[in-house]
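Peer 1: Numbering (mature numbering (1 follows the signal peptide of the UniProt record, and there is no 0)) for the sequence shown: -22 to -1, 1 to 378.
It is possible that part of the hints are untrue.
Heads up, simulated SDA-like pairs for lysine to any residue below, C-alpha to C-alpha not over 25 Å straight-line [stated by the list, open to error]: (1) 354 <-> 188; (2) 254 <-> 214; (3) 290 <-> 197; (4) 52 <-> 82; (5) 290 <-> 240; (6) 88 <-> 42; (7) 231 <-> 359; (8) 107 <-> 97; (9) 290 <-> 307; (10) 216 <-> 377; (11) 182 <-> 197; (12) 354 <-> 267; (13) 315 <-> 115; (14) 216 <-> 309; (15) 107 <-> 177.
Pair by pair, the computed Cβ-Cβ distance ranges are [unchecked claim]: (16) 123 <-> 240: 27 to 35 Å; (17) 240 <-> 267: 20 to 28 Å; (18) 346 <-> 290: 42 to 50 Å; (19) 253 <-> 28: 53 to 61 Å; (20) 362 <-> 86: 55 to 63 Å; (21) 61 <-> 244: 41 to 49 Å; (22) 123 <-> 217: 48 to 56 Å.
For the record, the hints were derived by calculation from the structure and aren't laboratory data.
From the three backbone atoms N, C-alpha and C, an ideal C-beta is built for every residue, glycine too.
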Amino acid sequence: MKKQQFFISPPFCGLLSMLMLAALWQGCKRETDAYIDPKAPAPAQVSGLKITSTPGGAFITYKIPEDPNLFYVKAEYEIQPGVFREAKSSYYTDTLALVGFGDTLSHEVKIYSVGRNNKESEPISLNVKPLTPPVRSIFETLALGSTFGGVFVSFKDSTQANIGITLMVEDSLGMGTWEPLGTYYTAELEGVFAARGLDTVERKFGAYIQDHWLNRSDTLIARLTPRFEELIPKDKFKALKLESDNWQPVAAKYNMENLWDGIELESENQFAPPTKPLPEWFSIDLGHEVIFSRMKLFQRIQYPYNGAWVKKFAIYGSNTLSDDWADWELLATFDYKTPSGLPWPQYTADDLAYARTGQDFAFPDGLPAVRYMRFKVLETYNMTGQFYFGEFTFWGKMVP
């Protein structure tokens, strides 16, 4: 059988293509217009709602209606008297996350389906009862105590919530007026925050927790006496050049003496020896015997939480000028951490502000008096072998 073939002439082909494109465009236009048509009705309500309570919040799951006009689903709820929040979820998901509650009471929540024309369905009303919010559960773990030159507060937080812990002191006249000593922002599992520079006089101290939504815990109060400490003068510090030490600066301006010249954040005023495999160390003659209580370390702020920043280090002491590690006693090992607890290389504005003020490290009690100190770098942020930082300062007690 002879096959029949049909051919469309070029002019007619062009016209047909144009008609097909026009029809396709009109179809798309009509579909889009239907979604943004101000006369279109509000979308149908969601169904099958289920509530899962969380610390200070709740998850609400639901079944999405088969309504082409649905744009998103929202929840409106009150976290504090007169303070309302919204949670929204697009039509691609089926879960609303509610946050910000500061108690475990029952709270009314209204669920709306919202169309592309912003018309809302009638609300579905339900009640959620959050689990214990972090400001309350963390408060139960707070402990206040005396430390060298001040007081400390310790905490545990299994939820790793973003919180602020504020330390306060009652006015010196005991009139019931409280003065803030500082706020520590954190999302760590546990930690210790201290306020320093206080006289060794018994006073009333307090600590409370506040979250992002201004929910606040009760105040823990204790009468405490800060322990005595003094600033260890740096004018007698001297760089030692023991055989195994890494003391030679990578450039003349990055010498070890920069560590005790009082210039804390200037990028050109740091100690940076050549790259060697970690661990690396250097040694210092303190000029007199010292019992350490704490130290403050200033990093190179121009490259926060990155590069050759010192991340983990150990402090050794000795009264014998020797290169043999057998003559050195481990005094403490410290980790440099961000208050937010975010993994490297992430950090927050609070982390950066914290770094600019220097990080405090407390030595354990019962340490011997030492004349010589050895600083051993165990880890840096990039682990390349090089390290640098700008200044350290020590407190404790000088032994006559």
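Peer 1: Given the hinted pair residue 290 and residue 240, is their alpha-carbon gap at most 25 Å?
Peer 2: Status holds; Cα separation ~23 Å.
Peer 1: For the pair residue 362 and residue 86, does the Cβ-Cβ distance stay inside 55 to 63 Å?
Peer 2: Roughly 56 Å apart at Cβ, these two residues keep to the hinted range, so it holds.
Peer 1: For a C-alpha distance cap of 25 Å, please report whether residue 290 and residue 197 respect it.
Peer 2: 34 Å, violated
Peer 1: Just to be sure I understand the hint, the distance between the Cβ atoms of residue 346 and residue 290 should be within 42 to 50 Å; is that true here?
Peer 2: With Cβ atoms ~23 Å apart, the hint is violated.
Peer 1: Mind checking the alpha carbons of residue 52 and residue 82 for me, to see if they're no more than 25 Å apart?
Peer 2: The hint holds at about 22 Å.
Peer 1: Confirm or reject the claim that residue 253 and residue 28 have a C-beta distance inside 53 to 61 Å.
Peer 2: 57 Å, holds
Peer 1: Take the C-alpha atoms of residue 216 and residue 377, compute the straight-line distance between them, and say whether it is at most 25 Å.
Peer 2: Holds, at about 18 Å.
Peer 1: Please verify whether residue 290 and residue 307 have alpha carbons no more than 25 Å apart.
Peer 2: Measuring from Cα to Cα gives roughly 18 Å; hence the hint holds.
Peer 1: Please verify whether residue 354 and residue 188 have alpha carbons no more than 25 Å apart.
Peer 2: 37 Å, violated
Peer 1: For the pair we were handed, residue 88 and residue 42, check the Cα-Cα distance against 25 Å.
Peer 2: Between residue 88 and residue 42 the Cα gap is close to 16 Å, so the pair holds against 25 Å.
Peer 1: Mind checking the hinted window 41 to 49 Å against the Cβ distance between residue 61 and residue 244?
Peer 2: With Cβ atoms ~45 Å apart, the hint holds.
Peer 1: Quickly compare the C-alpha distance for residue 107 and residue 97 to 25 Å and report which way the hint goes.
Peer 2: 29 Å, violated
Comparing the model with each numbered hint stated earlier shows that hints 1, 2, 3, 8, 15, 18 and 22 do not hold.
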